[in-house]
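Q: Chain residues, written in single-letter form:
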Amino acid sequence: MQGFLDNLIRSKGFDPATWQYTQFVYLAGMAAAAFIVINFAAITAGIFSWAERRVAARMQSRVGPNRVGPGGFLQWVADAVKLLLKEDLVPDEADKLLFRIAPYFMMVGFACVFVALPFSHRLVVADMNIGLFYILAVTALIVVGIIMSGWSSNSKWSLFGAIRSAAQIISYEIPAGMALMIPVLLAGTMSTQGIIRAQGGWPWQWFLFNNPAAFAAFFIYFISALAEGNRTPFDLPEAESELVSGYNTEYSGMRFSYFFLVEWGNMWVMSALAVTMFLGGWQIPGLSPERFDALRGGLGVVAEVASLAVFAMKTLFFVFVVMWLRWTLPRIRVDQMMNMCWKYLVPASFAGVLFVAAWMLLVNAQPWLGYAMRFTLTALGAVSVTLFALRVLRNIHDTGDKFDFTSNW
Amino acid sequence: MAETLPPSQMQSPGAFGAYVRNVRDSAMSFWEGMSVTLSYMFRKPITSQYPDRMPVSVNHTIPARYRGFLEVDMDICTACQACERACPISVINIDILKGDGKTVPKLRMERFDIDIGKCMYCGLCVEPCPTGAIQHTREFEGAVMHFNNLTLRFVPDSLQPIPAYKPPKGAESFPRKPLGEITRALVKKWDEPPPAFPSKEEAAKADHGKPKAGGLDVAAMGRQLAAKALQVKEDKPKLQKVIEEAMAGTDCGDCGYPDCFGYSDAIAQGKDFSPDKCAPGGADSKAMLETILVSLKTGVVPAPAAPAPGAPSGGSESPAAPASAVPAEAVHKGPPLAQTLSKDELYKVVLDAMAGTDCGDCEYPDCDGYTKGIVYEGQTDLGRCAPGGEDTRTKLYEIMLGTKPPPK
Amino acid sequence: MTKPLEVPTMDMENKEVLRRIEITGDMLLNMGPQHPSTHGVINFLVQTDGEVMKRAIPEVGYLHRSIEKIGERCTYNGFMPYTDRVDYIAAMFANQGWAMAVERLLGMQIPKYAEYCRIIACELNRISSHLISVGTMAMDVGAVTPFPYALREREFINDLLEELCGARLTYNYLRIGGVAFDLPSGYEDKVQGFVDHFEKILDEFNRLITYNEIFIKRLAHLAPISAQMAIDYCLVGPNLRATGYGFDVRKALPYSVYPEFQFDVPVGRGEVGTKGDAWDRFWCRVEEMRQSCRILRQALAQMPQDREIMAKVPRKIKIPEGTEAYSRIESARGDMQYYVVAGAGENAHRVKIRTGSFTAMGIIDALSRGLMIADLVALIASLDVVAPEIDR
Amino acid sequence: MTFEEIQQRLAAKFGERIGALAPANKDASLLVQAADILEICRFAKDDEALVFDCLMNLSTVDWPKKNQIEVVYHLWSYRRRHGFVLKVALDRAKPEIASITSVWKSADWLEREQFDLMGVQFTGHPDLRRIMLPDDWVGHPLRKDYAEQPQWHNITTTRDNSLEGYVRLDELKKKAADAAAAAAPKKEVLS
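Protein chains in written order, with the numbering used here: chain A, 5 to 413; chain B, 12 to 419; chain C, 28 to 419; chain D, 1467 to 1657.
Heads up, a few of these hints could be off.
Said to hold, decoys possible - Straight-line Cα separation of at most 30 Å, BS3-like style, residue types lysine-lysine; simulated pairs:
1. C:Lys302 to C:Lys81
2. B:Lys288 to D:Lys1610
3. B:Lys288 to C:Lys96
4. B:Lys282 to C:Lys339
5. B:Lys129 to C:Lys81
6. B:Lys211 to D:Lys1641
7. C:Lys345 to D:Lys1553
8. B:Lys288 to B:Lys239
9. B:Lys180 to B:Lys129
10. B:Lys354 to C:Lys345
11. C:Lys227 to A:Lys406
12. B:Lys359 to B:Lys282
13. B:Lys129 to D:Lys1610
14. D:Lys1640 to B:Lys415
15. B:Lys200 to D:Lys1640
16. D:Lys1641 to B:Lys200
17. C:Lys227 to B:Lys55
18. B:Lys129 to C:Lys96
19. B:Lys252 to B:Lys180
20. B:Lys113 to B:Lys188
21. D:Lys1639 to B:Lys188
22. C:Lys139 to C:Lys343
23. B:Lys415 to C:Lys345
24. C:Lys339 to B:Lys180
25. D:Lys1571 to C:Lys96
26. C:Lys345 to B:Lys282
27. B:Lys288 to C:Lys339
28. D:Lys1640 to C:Lys96
29. C:Lys343 to B:Lys383
Calculated directly from the structure, the hints in this document are not laboratory data.
Okay, chain A solo, but in the shape it has when bound (with noise of 0.2 Å):
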């Protein structure tokens, strides 16, 4: 973005370097892009909700809300407005000052994520050459809400839910942090554009299918960000058997939609960071990204579209397969968490990175190994998805019922 305002003072003939107002007119850039950030963050979590709400129905063999606007679709509107006008209680044993200023920690550790995240070839907000590293720091402010709302309420539920999300997150950091090292290591910087353009449109150009450590790196990875959001099954913190409602039990009316926003928000920053990191982000099939930097007018719009569409594609599917682990898999107990974390995801983590190390040495000195190996990842791939596939036609076919998909929406 900085290069794009750059432009801009150019064209109105005067130096960014040296003209005074620049430092404003970076302001004003950057106040405007924080605006539709945070409007798309807002706008995608409240689509979310009522998406989760419909494809949890479809799962359950219900309907779901389908009466506000078309299909649903407007019903998390009403669930905003609603929230902000419920009545916005502060318990009165409670710390007010902790529980009120709580929820904007966790607002700012989420919307600070999307700084660094692309949407598509040019579309990021700041392409910084420590992208990655900026992303893991600021989620850590998520922590510090979670507590501070926990321990501000006053109630021994909430404190437990609180704890329980501080252990969680702070510990499954370190295997996130380390399956994601895997794709730097592969693609030698931290930039998450960077990263996207070290792989390429076809599959087997992904990071994914790049050697067998990457593959269970970006399952490490995708695990741990479930457990940082606080996605089943690891939803300890709000276990509404066991804790009602965990940390956000005490809020209502706009600061319990901040959680609310948080917690939804999240599953596109899990999403698109897992795209971006091995699935090749915004590259489109047969388009190198030097060809696609070189399109200019018309045809370098569309690509432009076409990339987003990719990203969004991709993103959207991971989304759809968070919500869907959450309706299917119980959850686990918090013994059970820590003891995963560091004895199964830390280890395998590490283990990766030496892998991948070892393993671009190797390719180095024989690089048809690379090759051999990307189209045999790739191919086990789509077996594992084909067979998948007709395991849910059987599915359906053992019960006795039939593929409808159209009706009863």
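The hints should help you fit chains B, C and D onto chain A, whose structure is shown.
A: Chains B, C and D alone, transformed into the frame defined by chain A:
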């Protein structure tokens, strides 16, 4: 005792083997589970969107036997109150005006309320109804704003009481309105204001002691019937008609006989001597039947009791204090039944006086044995019938010895 | 037994009521009575040190309607709707228990066809009760989807029973001496259709949740109960059979027409954890549903054709005072027992209903030592306790 | 083993303190003294032939006429598949009996319930508190002469019946109709 080690420490040996097996098991079971939930994405959801987006209206989807709100078709209600007695939580409340059958119909219902807020829809009231007047409808949408709107009033205006229905003899089916029509009309709209109930004091002021016009004068009616019974003493069918007039005439079957004809015929033939079996008739029928029985036995109609002091000179005693039909000593006592009846007639009378539960408390195998002991083997201890208790004991003394039983 | 625990808690009028919990610096948690996973209104005073519980003292009585006192006021047939409310999730068994007790008081035999109607209604109700228990247990452990699947199947059973006797939950279908209604026309093939469909759904249910790795990890080795401890605490039904001791009243003390059916009694084998743990109790209930389907098939096949639903019973039932009767039936929650002492006149002198959930609650205190809070939730769900049955 | 054999076995052990079996029409039960209930139960559980390893049911029956409260123990042996009934008659004014929680654990809750609902004192019970009713409830509901207290902590235990309102409504309507009838000219009332 089973010690409960925290499960995580019970990891099996061979950690790496367990590690791989755990990962494989998890992957396999997630694969299975996820395939099931995804398969439901491509199936028709089962739920239907009541109340407005229903493929077919909800009343047709409910089976015929559904037990919804109760409905009473007053045209075929015989006012026998069998449903009121059958209800475990007394949700049905019926007020009956007794009449002498000539100027005023014999039984008129002044009030028939069912509190559907308290009703538990158990269906016990529908079974004993002789004409099937009370039925469960398929109505269940009864949301109301005020608790007091939950009472269905089947007698629309208490000033025009509804006469009881006299079912034609041997009728099998009774014409009734289509099920649900009456209740649908009675269930109030959800936001209807509750009726303005008067406070307790206002109602007390309104309470007037004057007997209701055309009300039944039990004692006078009893003596009339007794006199008529004496004239037709030999002619059993006519006697049966007179006795049946004393009863409520609802054929409800609570007396153990199929209908009123059966019970009155048993009394007329001398097979049954208990005046208190007519439940709907209640105290009035019992008093009238006692007058008739005593007059049949003694051959003299009992004189009217002294008019209650201060009652208006109109000669009508207030029904509240029915003259005790059998002034204990005034009437000349005939010989006890033991001498007048033949052995098997006496046997039937004694057997009927007992509780008839064959409980064996009287050390005889059953009531039949005990009765044979009294009638044929001269058993003198008449107090052994435990379930029958005090009233059987007095009846047995009266039948066998014609005297009052000594205090226990 | 540790010293009873002492802690001051405020009573309604702020009177200091000494609740017997020791002050040891542990956190005192009131889990309930309004809590999403205590299966009705039950309160657990939990003394925890962080996540691990030292003791969980159950407090019951929030749903006490003293149905036994009402039994002394109602007539024999009038009490039947109240027995529905003893355990409204498996109401048919409570009806059957009361009907059998009073029939033993009267010493009467009921027609075979009526027995078949009772068995069909009871076995359908057993499946619907187990569906609720299995569904809520999956939800308490976090898997939300199996619950709507279980409820969807239960909805089919509710429709079947609604068509049979007019009510969906509190049936009041049985009468002293038989049943209230005959099977409606075409009912047999509807039940047959349901049973065929249901067995396929059971396999799918097993694939979805029973053998799910997280589900197994959460429930294996959780609060294992030995057969000896179960008998000592008088656990009954699936809870007892999960410990490996296969006692089923339908087999051990056959009543009604059960001897005419072939079905086996699922017994806990410790397939995934130790024998008698929470997973075994869950598995026993799933298998019992399969066996109930078998019974239903045989019942439909061997049904007599005389369609005589009621024995000859006097309208006013009078039983000499002091006669007693004891009836035992295999309810969905185990061995439900009625002890009835007849009173003078038309109602009973004393009615005592001993239910499976009541004694199952007694064992929670002993089992809860050292578990975590999430385990206590899973333990309560695995014992399938239901508040109305505990408090009556 | 049949009821008679069980009775003889107990009589052999305890001699004259064991009475005869109850008459035929009731379930075979044995009336024993309150004092030695603990001893009999322990013997019933430990004895090889009886092996009553489960106290199935413990109920109390209130007989105001005989001024007695009868405690009824239903025992069951899972191994021998036979059951038995022990009865103890206690004085109604002060029902007191030894607790058998030391023999069977299921007795703990069963006895607490009978203490709560019938007021029978079980001496030696580890934690004899009310189980169903609040701790400061007055009276024992299952007694025949129990009168419910009108309110508990100013929460009323009764609810007025809405039907009375309707009755008062009818009364008023009748009063108005009579007044109108009295004002109107007299005419013969015909059915």
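Q: Compare the structure with each hint and give your call.
A: Consistency of the hints with the structure:
Taken as a hint, the Lys302 (chain C) and Lys81 (chain C) pair is honoured in the structure, with Cα atoms around 24 Å apart against an allowance of 30 Å. Of the supplied pair hints, the one linking Lys288 (chain B) and Lys1610 (chain D) holds, its CA atoms being roughly 29 Å apart against a limit of 30 Å. As the CA atoms of Lys288 (chain B) and Lys96 (chain C) are separated by approximately 29 Å, the hinted pair is consistent with the 30 Å bound. Only pairs whose Cα atoms come within 30 Å are accepted, and Lys282 (chain B) paired with Lys339 (chain C) is accepted, the gap being roughly 23 Å.
Note on Lys129 (chain B) and Lys81 (chain C): the hinted pairing is violated, with a Cα-Cα distance of about 45 Å set against a maximum of 30 Å. Distance restraint check for Lys211 (chain B) and Lys1641 (chain D): the Cα-Cα separation of roughly 15 Å lies within the 30 Å cut-off, and the hinted pair is therefore satisfied. With a C-alpha separation of about 25 Å, the suggested pairing of Lys345 (chain C) with Lys1553 (chain D) holds against the 30 Å cut-off. Between Lys288 (chain B) and Lys239 (chain B) the alpha-carbon distance is near 22 Å, which keeps this suggested pair within the 30 Å criterion.
Proximity of Lys180 (chain B) to Lys129 (chain B) is assessed by CA-CA distance (about 36 Å); at most 30 Å being required, the pair is judged violated. The hinted pair formed by Lys354 (chain B) and Lys345 (chain C) meets the criterion: a straight-line CA distance of about 28 Å does not exceed 30 Å. About 14 Å separates the Cα atoms of Lys227 (chain C) and Lys406 (chain A), which keeps this hinted pair within 30 Å; it holds. Pair hint Lys359 (chain B) plus Lys282 (chain B) holds up; C-alpha atoms about 7 Å apart against a cutoff of 30 Å.
Between Lys129 (chain B) and Lys1610 (chain D) the alpha-carbon distance is near 26 Å, which keeps this suggested pair within the 30 Å criterion. Note on Lys1640 (chain D) and Lys415 (chain B): the hinted pairing is violated, with a Cα-Cα distance of about 46 Å set against a maximum of 30 Å. Using a Cα cut-off of 30 Å, the hinted pair Lys200 (chain B) and Lys1640 (chain D) holds, with the two alpha carbons roughly 27 Å apart. The straight-line distance between the Cα atoms of Lys1641 (chain D) and Lys200 (chain B) is roughly 29 Å, inside the 30 Å bound, and the hint therefore holds.
Taking the CA atoms of Lys227 (chain C) and Lys55 (chain B), the gap is about 17 Å. The hint holds against a cut of 30 Å. For the given pair, Lys129 (chain B) sits about 19 Å from Lys96 (chain C) by alpha-carbon distance, which is consistent with the 30 Å threshold. A C-alpha spacing of about 14 Å is found between Lys252 (chain B) and Lys180 (chain B), which places the hinted pair at or below 30 Å, so the restraint holds. Under the criterion of a C-alpha separation no larger than 30 Å, the hint pairing Lys113 (chain B) with Lys188 (chain B) is consistent with the structure, at around 29 Å.
Note on Lys1639 (chain D) and Lys188 (chain B): the hinted pairing holds, with a Cα-Cα distance of about 29 Å set against a maximum of 30 Å. For the proposed pair Lys139 (chain C) and Lys343 (chain C), the alpha carbon gap of about 23 Å is at most 30 Å, so the pair holds. Of the pairs offered as hints, the one joining Lys415 (chain B) and Lys345 (chain C) holds, with about 27 Å between alpha carbons and a cut-off of 30 Å not exceeded. Pair hint Lys339 (chain C) plus Lys180 (chain B) holds up; C-alpha atoms about 25 Å apart against a cutoff of 30 Å.
The suggested pairing of Lys1571 (chain D) with Lys96 (chain C) holds, with an alpha-carbon distance near 26 Å, which does not exceed 30 Å. A C-alpha spacing of about 22 Å is found between Lys345 (chain C) and Lys282 (chain B), which places the hinted pair at or below 30 Å, so the restraint holds. Taken as a hint, the Lys288 (chain B) and Lys339 (chain C) pair is honoured in the structure, with Cα atoms around 20 Å apart against an allowance of 30 Å. The suggested pairing of Lys1640 (chain D) with Lys96 (chain C) is violated, with an alpha-carbon distance near 40 Å, which exceeds 30 Å.
Under the criterion of a C-alpha separation no larger than 30 Å, the hint pairing Lys343 (chain C) with Lys383 (chain B) is consistent with the structure, at around 25 Å.
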